[in-house]
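In my numbering, each residue's number is its place in the sequence shown (first place is 1) plus 197.
Calculated directly from the structure, the hints in this document are not laboratory data. Don't be surprised by glycine CBs; every beta carbon is placed ideally from N, CA and C. Accuracy of the hints is not assured; some may be wrong.
To be verified - Derived SDA-like pairs: lysine to any residue, alpha-carbon spacing no greater than 25 Å straight-line: (1) 293 with 323; (2) 293 with 304; (3) 293 with 272; (4) 357 with 213; (5) 293 with 283.
Unchecked claim - Okay, the calculated beta carbon distance ranges per label pair: (6) 300 with 280: 18 to 26 Å; (7) 362 with 317: 17 to 25 Å; (8) 363 with 317: 17 to 25 Å; (9) 217 with 363: 17 to 25 Å; (10) 300 with 222: 30 to 38 Å; (11) 318 with 347: 19 to 27 Å; (12) 226 with 315: 38 to 46 Å; (13) 261 with 237: 21 to 29 Å; (14) 356 with 224: 31 to 39 Å; (15) 251 with 375: 30 to 38 Å; (16) 287 with 363: 21 to 29 Å; (17) 265 with 315: 34 to 42 Å; (18) 343 with 314: 14 to 22 Å.
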Amino acid sequence: MLQPMAIALVHYPVVDRRGDVVTSAVTNLDIHDLARLATTYNISRYYLVTPALEQQVLVSRIAGHWQEGAGASYNPDRCRALNSLRVVSRFDEALKDWQGLVGPAALAVLTGAGHRDGLDYPSARSLAERQPLLLVFGTGHGLAPEMYVNGRPCLEPVRKGSYNHLSVRTAAAIVLDRLIGEAGDVMLLARLPN
198 MLQPMAIALV
208 HYPVVDRRGD
218 VVTSAVTNLD
228 IHDLARLATT
238 YNISRYYLVT
248 PALEQQVLVS
258 RIAGHWQEGA
268 GASYNPDRCR
278 ALNSLRVVSR
288 FDEALKDWQG
298 LVGPAALAVL
308 TGAGHRDGLD
318 YPSARSLAER
328 QPLLLVFGTG
338 HGLAPEMYVN
348 GRPCLEPVRK
358 GSYNHLSVRT
368 AAAIVLDRLI
378 GEAGDVMLLA
388 RLPN
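Can you build the whole structure from these sequences, using the hints too?
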């Protein structure tokens, strides 16, 4: 059985196509689709990381629409999925919150298309059987170099080819399916605090 898992979608620090460190914009599709993906694969938390207050307000308004009132009654499945969502300003906040829920052994595992090596999926699954993981996905053109510190492991890329620029939603779905598979045997933290 796999230990509890969380995902983080990082909007800062990420790089743009020139390699500059930027804050990317939150998209409506990422909010909904990653929440539904997390719920489908029994992922306990979905952290959306952005320091931009306007973007945090936007996420709150979008999620609130589907979690309260007419939106919640119109689409209860989306309401349920968005219950895993937490918006934080910095990645360190997400990691600290996750470690507070599951213990200090929780490990951040980075993802990225730019890596030619990294943990293969059988090794990552073995790691996930021993300790809780926070899988980290970057927006824009990927996580900034400063994220690759403290010996944080990185998964191998989804595809090792000359063209490798999947949407983050697509990449996250492939990563979770390869890591968790059809069994979906991730320990869900049944009653996480809000």
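Pairwise hint evaluation, residue 213 against residue 357, where the allowed Cα distance is 25 Å at most: holds (20 Å)
Between the beta carbons of residue 265 and residue 315, is the distance compatible with 34 to 42 Å? Holds - the Cβ-Cβ distance for residue 265 and residue 315, about 40 Å, lies within 34 to 42 Å.
Looking only at beta-carbon atoms, does the pair residue 300, residue 280 fall within the given range of 18 to 26 Å? With Cβ atoms ~22 Å apart, the hint holds.
Cβ separation of residue 287 and residue 363, checked against the hinted range 21 to 29 Å: Holds - the Cβ-Cβ distance for residue 287 and residue 363, about 25 Å, lies within 21 to 29 Å.
Just tell me: holds or violated, for the beta carbon distance of residue 261 and residue 237 against 21 to 29 Å? At roughly 22 Å between Cβ atoms, residue 237 and residue 261 fall inside 21 to 29 Å, so the hint holds.
Do the alpha carbons of residue 293 and residue 272 lie within 25 Å of each other, as the hint requires? violated (32 Å)
Is the straight-line distance between the alpha-carbon of residue 293 and that of residue 283 25 Å or less? Distance ~13 Å between residue 293 and residue 283 Cα, so the pair holds.
Range hint compliance [Cβ, residue 318 to residue 347, 19 to 27 Å]: For residue 347 against residue 318, whose Cβ atoms are near 23 Å apart, the range 19 to 27 Å holds.
Please test the hint of 17 to 25 Å on the beta carbon pair from residue 217 and residue 363. Taking Cβ atoms as reference, residue 217 and residue 363 lie about 21 Å apart, which means the hint holds.
Can you let me know if the beta-carbon spacing of residue 300 and residue 222 is within 30 to 38 Å? holds (34 Å)
Going straight from one Cα to the other, do residue 293 and residue 323 come out at no more than 25 Å? OK: residue 293 and residue 323 at ~23 Å, within 25 Å.
Could you say whether the range 17 to 25 Å given as a hint is met by the Cβ separation of residue 362 and residue 317? holds (21 Å)
Violated hints for the displayed structure, listed by number in ascending order: 3, 12 and 14.
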